[in-house]
Amino acid sequence: MDTSFSSQKEIDARERGGLGTERLEVAFGPHHPSTHGVFRMDVVLEGEKIVSLKPVFGYLHRNHEKIGESVSYLGIIPYTDRLDYLCSPTSNWGFVLACEKLAGLEAPERAQYIRVILAELTRLVNHTCLAGFLAQDLGAMGTPLMYAFRERENILDLFESLTGARMMVNYFRFGGCRCDLPEGWLQGVSRVLDAYSKFLDEFEALLTGNEILLQRTQGVGVLKADLAINAGITGPCLRASGVNYDLRKVDAYGIYSRFPFRVPIGEHGDCFDRYMVRILEMRESIGILRQAVREIPAGPIMDAKAKTRSIRPKAGEVYGRIESPKGELGFYLIADGSPSPYRYRIRPPSFINLTVLEEMCLGLTVADAVAILGSIDIVLGEVDR
Amino acid sequence: METPENILARLQAAFPSAKIELLPNGCPSQPPSLLLDPAFACEIATFLKNDAALRLDHATNVTGVDWPKEGYIEAVYHLFSMEKKHGPLIIRLRTANRDTAVVLPSLTPVWRSADLQEREIFDLFGIKFEGHPDLRRILMWDGFKDHPMRKDYVAPDDFEYEPTAHDDVLERAQQHFSKNA
Amino acid sequence: MNSQPYLSLVVFAVVAAVFPLVPLILARLWFYFFAPLKPGESKNATYECGLVSEGDARIQFKAHYYLYAIVFLIFDVETIFLLPFATAFLNLSVGAVLAMLVFVLLLVEGLVWAWSKGYLEWD
Amino acid sequence: MLGTGIIRGLVVTARNFLGSFYDRRRFVTVFYPEQKVEMPERFRSFPFLVYDGEDAVRGLRCVACKICEKNCPPQCIYIVQQRDEKGKPLKHPAVFDLDISVCMSCGICVEVCPFDSIKMDKVFEVAESARFEKLLFGKAALSKSNAYYRSVSPADAGETDARLEEEKKAAAAKAQAAAQKKSAAQAQEPQ
Amino acid sequence: MSVLSDSLIEDLKKQGVLVTSIEALYNWGRSNSVWPLQFGLACCAIEMIAASMARFDLSRFGSEVFRPSPRQADLMIVSGTVTKKMAPQVVRLFNQMPDPKYVIAMGACAISGGPFKQGYNVLKGVDRFIPVDIYIPGCPPRPEALLHGLMELQKKIRAQKLTGENRAKYFDAAQPGEYPIPSFGEHDLEPSKNAALWSPAQVARKD
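Residue numbers (the numbering used here), protein chains in the order written: chain P, 8 to 392; chain X, 4 to 184; chain Z, 1459 to 1581; chain W, 1283 to 1473; chain S, 1494 to 1700.
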């Protein structure tokens, strides 16, 4: 045993040969407070560092696509509410957009404006809840989530007075909307918008400058732009890595081309950029909403050609996609002339955003893995379908 | 983006011995799709990804379709380009039949986004993707034997209490009623 | 002073013993009369997010964590020794302060050595 | 200077804490059993069958056409048409079972019903401890009067009643016109 | 409470004399601090979180402390779809909770599989494997419906007996302490239901 003192690093290195350290395999199981539902990660730890992380899906696989093949097109719409249960209007819109391409229907002006208003309100709800859950995952027990859900209730009241349900709106139809706005609804939206911009300033004052949040999220879970593109990451996670790809600008579906909004782009692609991109997107959404509430015309809310509620399209296939708050939500439909689709496939953004979860978490600690999972923003209804 | 027809022509020129077909799409407004020869799938995919005019770097939707009457299972890839921001090119790979020869080349080495989705096709449709880094069941539990999204899959019988059953659910629930009728 | 100076101590000890024991005995009686204990194989299993936990949690992890704990322990015990010194601080002679200074400096010298050796770096 | 972010956060929480004593926007708690959130008119909990007039059986609008049974996505409606002694089907459901424990309150049955005989109710406090007996609503438990429907959602009820009135008037006018034509035809034949 | 008539107790209470029994005190204490397990599965979990937030305030009923570990929880709110892949975990979590424990099946999916009943991977109701105390229909039920269900559970807890014939099940040694956990078979769970627990009513259907 040589008597010369050596630094701790040398001791560790020598130890690896002799004492050596074993690896701890722990299941970040289906029942875990920080996994946003029943998601499981099999983590192998060396000391505190993550050496390997295998995500396990399927605990909420509710066979959405198999049921969709035995239900009529109209009957699928309430099921799309339950895909991403935090943003049901955008899931409705994605499915209805694909079916309108299939059946050749077109929503009239007023319905297009209502769709933009509901989609942007959903973006506000989703991004606020994300900021609340991310802060909760980082240890801010309750306070940000309490404020986030308090504001979410105002928007849910709007959804409820228009469509009849808080979360499961089931409001979009092929060629328009189910029913018209109750009177006083638009004033309600503008009241909520004024309160929301004040709330956003307050929320940013609480979170964005907070040193603990900066320390825990900056430089953590960096996602390079080329890996993000290759892995099919879409939505705020992709834009945080510096890629300018927002379907509202790329596809310009609906009437998004009339709204001059900017797309926030991050540089580093770490957790803080993903959080900050969403906060800035909320501010843009408020701008879009203000313009939509000003410009919404009167008129019919249903396409004249849409006779019956459900459609019975001829054989053919379509892939329609929209920019849901989580990313590119696509619906791939193969119709064979019968009242229910032959093949009904959902392209789930949360599911595919988890492709590179392991690359982002390698070498970091378990607490960082929780922050990274929180910043990717997954909802298990959409991940497992 | 170029029309699928002259993409087909350029592919035919680049890979003369590959059998590539253009499949029309029933819906007028949607583009037709290209049926690729599984043997050349990887080379064609790399070509599509690195070609200067196409740059299809975003395989956004990878899914399986079961055609029991036609006797094969399909893997459908929707390709977009994030760089040039242009629209879908749909490519399809078909297996020889539905029970023995269900092997297709995996395109995960080309597009990483196909990783989880190909595992899902293997889990729910039963197509074995060779060259896939980690082909395991993803949604059903590992011991599960069937491929449930196939059209001829019969769900297990747990229809004891079906008070509002009609048409096909009623037949399934029938044995449980008759015991007490 | 009353006749037995240590009576208060005895009462204190008795109360200290009885105070925790009574609820334990009551709980024991409660199980015995009302709620029979029903241990089970999966009820006593270790909880790991709803799964069956394989492998052992008592594994050999890095020796570094042990060293970190020891360094903390030293300074924790030091503060206990400083407590009486702090309470009687004002009316202490210079000699006592010097003696305590030697004690504190010795430990600070230990901290400097540990810091230089890199024991305090975490990963 | 390190820590200003946290202090700004504390100012926000302090403002919320003090504000929660007077500012309506920060003090949002609804004390549930005593106060209730006023439900918007279009809120939909579970369907119910509407009957006109007083008699729940004869006044029932439902004609057992089974359109809602076919279109219900989770298939939670079961209808058996009533038959008189000779076996001729009547325009009335003998059995109309709705399984509340399966219903997803989507309201598609209301949309596709051509006779406005099924509407969405507002009652959501239906927690039960016996599933098989209490959560399968039969025809009797489902049928409620039109007056109840008008009290629960006045706008929709008014609209539906107005439409039904017009249809009745139009049908009456058509029947009258048909009667006149028939009587006019008879008047010409006997000459 | 059979010794003193209720009216007598009311009069005594007017004079400020509070009369109670061990059972009433025991049940009063337990019913007003039911700690739910933090166990969210799907959309109903978001409504459960909304119920515990500022507007609907679950803490007014004494149960806003959501315990992540089953060891410290005494109420399992099954909020969301129990799939067959998740069923063994649900039963194991329920077994690992200390007695006295209760289950609220929140939402159509937990009661009967709800809209996803026809799915191949969906368990048609959690009462096939664990005993359920309160069923709250709705998809998702409003937060107030969850509060109403919790109040129903509190009434049920207050009415429980310590001794005698119909005493609560965890009091008599004959009742099982834990329920068998299903294992994953090749096509379905083995066994597909807990035969001792699952006895569906037979619905009279002519055709």
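Hints are computed from structural coordinates only; laboratory data are not their basis. C-beta atoms are modelled at their ideal positions from N, C-alpha and C, and glycine is treated no differently. Some clues are possibly wrong.
[What the hints assert, rightly or not] Calculated lysine-lysine pairs in the DSSO-like style (CA-CA distance at most 30 Å, straight line):
1) S/1594 - Z/1501
2) S/1594 - W/1416
3) Z/1496 - S/1662
4) W/1421 - W/1404
5) W/1348 - W/1451
[As the list claims (entries may be wrong)] Just so you have them, the derived chain P footprint on chain S, three or more residues with Cβ under 8 Å:
6) 1526-1537
7) 1543-1552
8) 1569-1579
9) 1652-1664
10) 1678-1687
[Claimed, not checked] Examples of chain W residues toward chain S, derived with CB under 7 Å:
11) 1292
12) 1311
13) 1356
14) 1405
15) 1407
16) 1408
17) 1411
18) 1414
Now the hints, each set against the structure:
1. S/1594 - Z/1501: Holds, at roughly 13 Å.
2. S/1594 - W/1416: holds, 23 Å
3. Z/1496 - S/1662: Holds, because 12 Å separates the two Cα atoms, which is no more than 30 Å.
4. W/1421 - W/1404: OK: residue 1421 of chain W and residue 1404 of chain W at ~18 Å, within 30 Å.
5. W/1348 - W/1451: holds, 26 Å
6. 1526-1537: holds (count 6)
7. 1543-1552: holds (count 4)
8. 1569-1579: With 5 residues close enough to chain P, the hint holds.
9. 1652-1664: n = 0 at 8 Å, threshold three: violated.
10. 1678-1687: violated (count 0)
11. 1292: violated, 19 Å
12. 1311: holds, 5 Å
13. 1356: holds, 4 Å
14. 1405: Cβ of residue 1405 of chain W sits 10 Å from chain S, so the hint is violated.
15. 1407: At 4 Å from the nearest chain S Cβ, residue 1407 of chain W passes the 7 Å test, so the hint holds.
16. 1408: Given a least distance of 6 Å, the restraint on residue 1408 of chain W holds.
17. 1411: holds, 5 Å
18. 1414: holds, 4 Å
Violated hints, in rising order: 9, 10, 11, 14; the structure is consistent with all others.
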